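In my numbering, the protein residues as written are 8 to 107.
Don't read these hints as lab results, they were simulated from the structure. Nothing here was measured: the structure is a model prediction, and the numbers come from that model. Every residue, glycine too, gets a C-beta built ideally from N, C-alpha and C. There may be inaccurate statements among the hints.
The calculated lysine-lysine pairs, modelled on DSSO-like cross-linking and capped at a C-alpha distance of 30 Å, are [as the list claims (entries may be wrong)]:
#1 Lys68 to Lys86
#2 Lys43 to Lys90
#3 Lys52 to Lys90
#4 Lys81 to Lys105
#5 Lys50 to Lys106
#6 Lys81 to Lys43
#7 Lys68 to Lys52
Quick list of simulated restraints, FRET-style, between CB atoms [claimed, not checked]:
#8 Lys106 to Ser38: 34 to 44 Å
#9 Gly51 to Ala88: 17 to 27 Å
#10 Lys50 to Lys105: 10 to 20 Å
#11 Lys106 to Asp40: 28 to 38 Å
#12 Lys106 to Ala39: 32 to 42 Å
#13 Leu49 to Gln100: 17 to 27 Å
#14 Lys50 to Pro80: 18 to 28 Å
#15 Leu49 to Lys81: 34 to 44 Å
#16 Lys52 to Pro93: 16 to 26 Å
#17 Lys50 to Gly95: 27 to 37 Å
#18 Phe96 to Lys68: 33 to 43 Å
#19 Ser94 to Leu49: 12 to 22 Å
#20 Lys52 to Ser94: 34 to 44 Å
#21 Asp70 to Gln100: 16 to 26 Å
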Amino acid sequence: MSQVHSNTVSAAALALALGAAFLALPAAAQSADNEKCYGVALKGKNECAAGPGTTCAGTSKVDHQANAWSLVPKGTCEKTASKTSPSGFGQLQAYTPKKA
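Produce the entire structure from the sequences given, and follow the hints as far as they go.
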């Protein structure tokens with residue numbers, strides 16, 4: 008095998024391994040010390056599974072999107088400000104945003 012081909016194969020293997028590790032991060036990041044908090048993520052800064060109109064991490068369309076969540080320290084979600092939440096704070100479940 009040529010040196011160029013060997014380097015290309017090695018680089019591809021490394022990229023595949025790093026990609027697999029990156030995909031596992033959201034599940035690993037959520038521990039007993041964190042909780043999903045809806046309505047607090049900024050545009051493009053949400054965690055995975057944001058709901059209709061989004062596909063995964065970083066796909067929220069607006070700040071404080073009602074169906075987009077971020078991990079926050081357990082017990083802080085409902086104390087974190089959210090401009091779209093009916094209560095004005097993050098929610099533990101997706102919600103219908105309040106009218107502006």
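>> Tell me the hint numbers this structure goes against, listed in increasing order.
In response: When the structure is compared with the hints, numbers 15, 17, 18, 20 turn out to be violated.
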